[in-house]
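Residue numbers (the numbering used here), protein chains in the order written: chain A, 46 to 301; chain B, 4 to 244; chain C, 919 to 1169.
In short, the hints are calculated from the structure, not lab data.
Misleading hints may appear alongside valid ones.
Stated by the list, open to error - Short, incomplete list of chain B residues facing chain A, as computed with Cβ under 7 Å:
| # | residue |
| --- | --- |
| 1 | I27 |
| 2 | I28 |
| 3 | M62 |
| 4 | L66 |
| 5 | C73 |
| 6 | I77 |
| 7 | L174 |
| 8 | G175 |
| 9 | V178 |
| 10 | F182 |
| 11 | T183 |
Note that CB positions come from ideal geometry on N, CA and C, so glycine has one too.
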Amino acid sequence: MSVFSLLLVELKKIRRSKIFLILMIPVMMMWIPSTINAKMNFDVRGIPITPENNFFIQGFMGMTWFMIPATLVIGTVLLTQTERSQNGILKMLSLPVRTSTLCLTKFAVLIFLSMVQMVFCIGAYYASAAIASQLQNYNFILNPSFVCVNALALYWGAVPMAAVFWMFAILIKTPVFSVGLGLVSIVPSVLVIHTKMWFVYPMSYPFYLLMVQYGKAAEGMYATQIDRMPWLPVAVIITVLALAVSCIRFGASERR
Amino acid sequence: MTFILETKKLKRTGYLPAFLGAGIISCAFPVVNMLARSETFTSLPGNPFEILMDANWQMMAMLNILITICGACIMYHTEYADNGALKMDTLPVKPIRLFFCKFLITAEILAAIILFQIIVLTGCAVYWFPDSAFDFLTILKTAGFEWLVSLPTVTLMLLISSMCKNMWISLGAGVILVFTFSIFPQDNFVLRLLPFSAPYQTLSMADENVHIQLFCMVCVLQTAVLYLGETLYVKARRYLA
Amino acid sequence: MHILETHNLTKTYGDFTAVSNLNLHIRKGRVYGFLGPNGAGKSTTMKMLLGLTHPTDGQVTIDGKTYPQDRVSILKEIGSFIEAPAFYGNLTGEENLDIIRKILGLPKSSVGEALDLVGLTQFRKRLAKKYSLGMKQRLGLAGALIGRPPILILDEPTNGLDPVGIHEIRTLIQSLPQQYDCTVLVSSHLLPEVELMAEDIGILNHGHLLFEGTMEALRLQAHAAGFPMDNLEETFLAMIDADNRKKGGAR
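Produce the entire structure from the sequences given, and follow the hints as far as they go.
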């Protein structure tokens, strides 16, 4: 069985799970108030930033610091619960599929869900920017290449964190612990991005990337350059390690 | 008696360790914060305890809300995972009592955690602001207030979990609520009164606006209304099933 | 005297009628076999008898009491076992029963007694989620039998058991009315099995009651209608088939 058809199978398993609703609602919640309060973007409080950049950054702020990580945590619960609740995992393990392939495919579904949310988010951004422009008589719409590249970077930066959450979900069978650990680990990222060691904490990556954008748009607010060293190698090591552990331990308790 | 049974059902679910863990992490938060950058805060004018509350409570309250969500989810997950709730429905016990006991358990654990958090904050204040006086009555009042304003959140989350057989739906709903209320502007008074938003309120913030009594009353009222909501839901469930 | 009666009990889901104008009469101290093919509406009926779902129309009377006003006092008299075994996976078999015992306000000894009755005593300390299918079934039965309730409602209690287990449970159910004065309503989709346990019988098909009466009356009626009589399984199949055909080949 090819990896692609396995991916289709995994996507089929989450049919009728209402996950797309969960992906969509926070995006709506994010952009509706920010459209209504678009006027507040003119009040930059002395920070040298243009209203349209302010609109973009303020809007994405909530997504990156809380909702992207939280969506990933919810996604891991969805994926593990669909397998475990009716013992579907036992059937899968008895089929001629390598467990590590299965594990990685599920991880790919998790990333796919996150990407779907990104598309929703970009779409919602343009819709709300267009409406806000009409309401305030001011052009809030930013260049699509700028918006898409940035959104992609933010979601791409969430991959190491997704790998870590996926590892939590596989290692910790009691769902309350894996979920609790995941959600609790989101909260300190606000503090972590202000320290020198931010790159060892994958939950803070998307927030860091957005803050660098903020720094570029508003002089003196934050760093203006992404510190690629030692961030990139560390991120790769974290991701590979987390996925390796996940693959080794996947379905381990069922196979005992 | 139902209370003891409900406690018993939580055996081996990791409920208590989860709350304990979250409690420890949230208590470590102000300590780490002060160790890392104490000068930022010690140089501020005003009441040390209030300074520390302002600096840390947002994060600590958020952790409390998150653990409340996890707790509610796990409570009803044990009910639905192997149809335990179905068996309960065939026994001579009022379903609303089960809900009430679950509420009581959560409220009690949360009270312990909040009290502990406030004590740690006080400890931080004593340690880093050695020459200031403390009013222990205010500290107790703060703990009581923070506990009271978190009760509607507890009730709403239990109500949501009791409605969803699939744990991840209640979890998703809870997380979305946390998110929604964390992005709403904090200067809107009505929004601040709502569940998932009220726990961020500190006593001194409410005091400035002379709203303490109003806050307490609204929160008690909300808890009662949500409890009534569950009563109706339990009744309606039989008609819908 | 009828300890349990239903009056025109009806349950519809949208445009699908699961149970239609059902009138059951269950006599005190008897074993009543409730028979019907899968999807006939047996489980829906039993859920209504337990107040788990509210009927669209009609009424259930148990020992002179009705739902929903007397729910708690009715349930105090009923021990029940519904479709899939319902329990708490994170607790042991013994702990599961202890929860039920406390709610029913029974003495401590009743847990051991119930475990003994279904043969689970040696596995009482094992987590319920680690039980085998048959053990889960037995745990469910123990939860119904605990405290010797005057009325027992058992939905396919022998499902998933091995032949030895089926025999044991069947013998147990048969002996219950004599052991302690109780009434049993047991459902099944196998007539030969019901024949071995029950004195009275009700046959359900597509939500309608085809027959109600004693085993003897069933034989007489089947004979009169010209159904095959050498084997009860065939009698049952023929009855269901005739009914399906009468309804215009509904299946």
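We went through each hint and held it up to the structure:
For the restraint placing I27/B at the interface with chain A, the shortest Cβ-Cβ distance is roughly 11 Å, beyond the 7 Å limit, so the hint is violated. Hint status for I28/B: holds, given a least beta-carbon distance of 6 Å to chain A, under 7 Å. Given hint, M62/B at the interface with chain A, holds; its Cβ is 6 Å from that chain's nearest Cβ, closer than 7 Å. For L66/B, the shortest C-beta to C-beta distance to chain A is roughly 6 Å, which falls under 7 Å, so the interface hint holds.
Residue-level restraint check for C73/B holds (minimum Cβ-Cβ distance to chain A is 5 Å; threshold 7 Å). For the restraint placing I77/B at the interface with chain A, the shortest Cβ-Cβ distance is roughly 4 Å, inside the 7 Å limit, so the hint holds. Proximity of L174/B to chain A holds as hinted, the smallest CB-CB distance being about 6 Å (cut-off 7 Å). Look at G175/B: its Cβ gets to within about 4 Å of chain A, closer than 7 Å, so that hint holds up.
Given the 7 Å rule on beta carbons, the hint for V178/B holds: about 5 Å separates it from the nearest Cβ of chain A. For the restraint placing F182/B at the interface with chain A, the shortest Cβ-Cβ distance is roughly 5 Å, inside the 7 Å limit, so the hint holds. About 4 Å separates the beta-carbon of T183/B from the nearest beta-carbon of chain A, less than 7 Å, and the hint is met.
Of the numbered hints given earlier, the model fails hint 1 alone.
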